[in-house]
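Order-wise, the sequence lines are chains A and B. Number 13 in this note's numbering belongs to position 13 of the first sequence; there are no gaps in the numbering. Number 98 in this note's numbering belongs to position 98 of the second sequence; there are no gaps in the numbering.
Simulated from the structure, these hints should not be mistaken for laboratory data. One should not assume that every hint holds.
Claimed, not checked - As a list, the in silico DSBU-like pairs of lysine-lysine whose alpha-carbon atoms are at most 35 Å apart:
| # | chain 1 | residue 1 | chain 2 | residue 2 |
| --- | --- | --- | --- | --- |
| 1 | A | Lys103 | B | Lys57 |
| 2 | B | Lys3 | A | Lys113 |
| 3 | B | Lys3 | B | Lys57 |
| 4 | A | Lys113 | B | Lys70 |
| 5 | B | Lys71 | A | Lys38 |
| 6 | A | Lys70 | B | Lys3 |
| 7 | A | Lys3 | B | Lys55 |
| 8 | A | Lys3 | B | Lys57 |
| 9 | B | Lys53 | A | Lys103 |
| 10 | A | Lys103 | B | Lys70 |
| 11 | A | Lys103 | A | Lys3 |
| 12 | B | Lys71 | B | Lys3 |
| 13 | A | Lys3 | B | Lys3 |
| 14 | A | Lys16 | A | Lys113 |
| 15 | B | Lys18 | A | Lys70 |
| 16 | B | Lys53 | A | Lys38 |
| 17 | B | Lys55 | A | Lys103 |
| 18 | A | Lys3 | B | Lys53 |
| 19 | B | Lys13 | A | Lys103 |
| 20 | B | Lys57 | A | Lys70 |
| 21 | A | Lys3 | B | Lys18 |
| 22 | B | Lys18 | B | Lys3 |
| 23 | A | Lys113 | B | Lys55 |
| 24 | B | Lys71 | A | Lys3 |
| 25 | A | Lys38 | B | Lys13 |
| 26 | B | Lys18 | A | Lys38 |
| 27 | B | Lys70 | B | Lys55 |
| 28 | B | Lys57 | A | Lys38 |
| 29 | A | Lys103 | A | Lys113 |
| 30 | B | Lys13 | B | Lys55 |
| 31 | A | Lys113 | B | Lys71 |
| 32 | B | Lys3 | A | Lys103 |
| 33 | B | Lys18 | A | Lys103 |
| 34 | A | Lys70 | B | Lys55 |
These numbers come from a predicted model, not from an experiment.
Residue strings, one per chain:
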Amino acid sequence: AQKVTQAQTEISVVEKEDVTLDCVYETRDTTYYLFWYKQPPSGELVFLIRRNSFDEQNEISGRYSWNFQKSTSSFNFTITASQVVDSAVYFCALSEAASGTYKYIFGTGTRLKVLA
Amino acid sequence: DVKVTQSSRYLVKRTGEKVFLECVQDMDHENMFWYRQDPGLGLRLIYFSYDVKMKEKGDIPEGYSVSREKKERFSLILESASTNQTSMYLCASNGGATDTQYFGPGTRLTVL
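Here chain A stands alone, though its shape is the one from the complex (with noise of 0.2 Å):
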């Protein structure tokens, strides 16, 4: 059964610190999709990356950077030296190519608090 498990409900951190945001996922399609996206207070969730199964590079993005590893079925997020906008809930997010759904299965979300 396809599951995204963001394990970690809520972490708080001082400013310039890094954090890691775990994302585990399974599904038993060889083709899928993983996603990060970001909601800020304000509730809109904003796109951060998309990863297909077969890429499995590391990604950075300025502070952001993400460690997709096959082998753990797991999709963590790193923030560099942490800012108070990073503040937000983050979301994990799976689709599966077979399937044919249109669906996201979505972890149940990390509340990030960044502390000035």
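Dock chain B against chain A, hints included.
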């Protein structure tokens, strides 16, 4: 830039009222989605539409219906609102089944 807009950011309704939530996207996307978000439960899919006048049930369709008369617009209807439908409602759209979904700003609905 993809733009998904929702008709209201905040809405307060009374039990038994008929409620319409509107979503419009400007990217000519084929697919549109309605989710509800509740604390500790993440996002759950209510309905989605892959073409004009086409719809499919998601995980929690009970108590909801949808309408898609034009490609850019997808409406969520609560025929008779109940207090357990108090929630954040998010609309999304994408151009293909596994393409990135882009979200609107959300509507926080309170049913009294």
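Violated constraints from the hint list, given by number and in increasing order: 4, 15, 23 and 31
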